[in-house]
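**Q** Single-letter residue listing:
2 protein chains.
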Amino acid sequence: MKVLLVFAHPERRSLNGALRDVAVAELEAQGHEVRVSDLYADGWKSEVDRADFPSWPEGERFAAGAASKQAFAEGTLTADVKAEIEKLLWADTLILQFPLWWYTMPAILKGWVDRVFAYGFAYGVGEHSDKRWGDRFGEGTLAGKRAMLLVTVGGWEEHYSPRGINGPIEDLLFPINHGILYYPGYEVLPPHVVYRVDRFKDADFEREAEQLRERMRTLATTVPIRYRRQNFGDYLIPAMTLRPELGEPEARGFALHVDATPTV
Amino acid sequence: MKVLLVFAHPERRSLNGALRDVAVAELEAQGHEVRVSDLYADGWKSEVDRADFPSWPEGERFAAGAASKQAFAEGTLTADVKAEIEKLLWADTLILQFPLWWYTMPAILKGWVDRVFAYGFAYGVGEHSDKRWGDRFGEGTLAGKRAMLLVTVGGWEEHYSPRGINGPIEDLLFPINHGILYYPGYEVLPPHVVYRVDRFKDADFEREAEQLRERMRTLATTVPIRYRRQNFGDYLIPAMTLRPELGEPEARGFALHVDATPTV
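From first to last, the protein sequence lines are chains A and B. Sequential numbering from 1 applies to the first sequence in UniProt numbering. Sequential numbering from 1 applies to the second sequence in UniProt numbering.
Don't read these hints as lab results, they were simulated from the structure. Small disclaimer: the values here were computed from a predicted structure and weren't measured. Errors might be hidden in some of the hints.
Identical copies go unnamed one by one, so any copy, or any two together, can satisfy a pair.
[Said to hold, decoys possible] In silico DSSO-like links for lysine-lysine, alpha-carbon gap of 27 Å or less: (1) Lys-131 <-> Lys-201; (2) Lys-201 <-> Lys-69; (3) Lys-131 <-> Lys-69; (4) Lys-131 <-> Lys-2.
Take the sequences, apply the hints, and build the full model.
**A** In structure tokens:
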């Protein structure tokens with residue numbers, strides 16, 4: 001297996017840094033190839049702006065989507081973005097590792113998504129018509145690959161439970177898992193979340209390290225989240241609403257988009 | 001009223017720029033004072049890193065939370081962050097304006113949150129004990145103020161409806177409205193969302209401009225989202241789970257944290 005780990009923590013000598021080492025060591029012990037994009041170490045630029053598109057005409061009104069489409073098609077994306085796209089195409093498994101800051105990823109990782117997930121690469125792919133709304137949510141450039149979040153959280157697991165005050169962790173991560181990873185085609189594995197990291201002790205670390213090693217050993221066999229595919233009958237197109245007969249009639253919210261029917 | 005609008009779009013001559021002008025003009029016509037933080041124009045730095053904390057000892061392992069706490073307490077945050085904190089304290093209403101990119105805010109605005117919402121200012125405020133988990137979710141430094149999102153979206157409103165494929169817009173925005181704005185004390189107004197902006201025509205603009213003007217005229221009177229307060233009995237502390245008798249027994253997800261009981 002070829003694994004790309006994108007690391008979004010400002011301190012290498014941190015719990016996140018130690019967990020990264022555990023993950024990489026276990027993957028390599030299993031014979032997998034591993035590459036790491038260390039966004040802070042690489043001085044990753046977070047903001048989508050005109051400088052990302054050197055071929056966009058000076059003085060012309062800047063339109064990020066159109067500029068991204070043109071630059072991807074012409075091969076004029078900047079070198080840092082091209083390098084990340086090349087790594088995404090190389091890897092069959094992607095791991096995004098980050099501390100949960102304000103209930104989502106740090107800005108530097110959002111900036112990696114905003115800049116690397118180009119038009120024509122991660123979105124705007126395939127036929128757009130009344131019958132088909134692009135190759136996304138189950139299809140796309142990255143279909144056939146797997147992705148997984150590795151997240152550290154300061155609070156307690158209960159605080160992120162179904163009735164916890166922060167909201168359920170799977171709902172908080174839905175915009176990432178479904179909207180960023182499933183969108184361009186990844187099969188998304190359940191996230192690996194490490195809680196209470198603000199008061200971590202040595203004994204906690206060994207327990208967490210072993211759980212993480214187990215996740216790394218089972219990367220290829222873990223059952224992905226069963227998000228519903230867009231273009232295979234579950235949704236009315238172009239309204240893009242779930243067919244009335246699917247899901248519980250009164251149900252709403254993110255859980256609707258996970259197929260909960262029993263598997264054979 | 002004193003209004004701070006934080007603008008997170010890379011092109012001033014954009015639909016977002018035009019909507020910003022509409023909002024500011026209407027607010028000023030109503031006699032309100034308006035300040036704008038234009039993150040791209042100001043060259044906002046998005047990444048939380050060691051450079052944000054000049055007084056953090058060189059060579060010492062960098063801990064973002066501890067560094068933020070120390071710098072806020074000692075008054076050694078960087079000038080750009082201090083200026084934003086000053087504006088937040090000045091304003092009684094905050095508007096965050098951004099295009100929805102990958103189902104959340106652009107990196108530059110997440111970086112504004114990550115850097116400006118300092119420990120001791122926006123989190124880590126108040127008593128933390130088995131009975132009380134800080135002044136947050138209904139209390140905090142920014143209590144008594146109002147906040148609102150102004151968001152542009154490429155897709156259709158149906159795609160973000162209760163059964164839409166992207167997930168309901170109120171759930172996608174929950175981590176921002178509840179986790180970033182309600183957390184430090186803001187009363188959060190329902191967001192103003194402009195859909196289908198990729199194919200906007202002149203006629204669309206006038207209709208949308210008038211709807212936005214109406215929101216600006218009613219900023220002070222619009223009923224906030226009725227998120228549940230943390231420290232006033234709805235939650236079990238320290239588990240921070242909603243009391244079993246509240247909400248529908250089978251309910252789960254973000255909607256639980258909005259009080260849906262009829263008002264008198």
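**Q** Determine for every hint whether it applies to the structure shown.
**A** Results for each hint:
no., hint, result
1, Lys-131 <-> Lys-201, "between (55 Å within a copy, 24 Å between copies)"
2, Lys-201 <-> Lys-69, "between (48 Å within a copy, 21 Å between copies)"
3, Lys-131 <-> Lys-69, "within (23 Å within a copy, 53 Å between copies)"
4, Lys-131 <-> Lys-2, "neither (35 Å within a copy, 48 Å between copies)"
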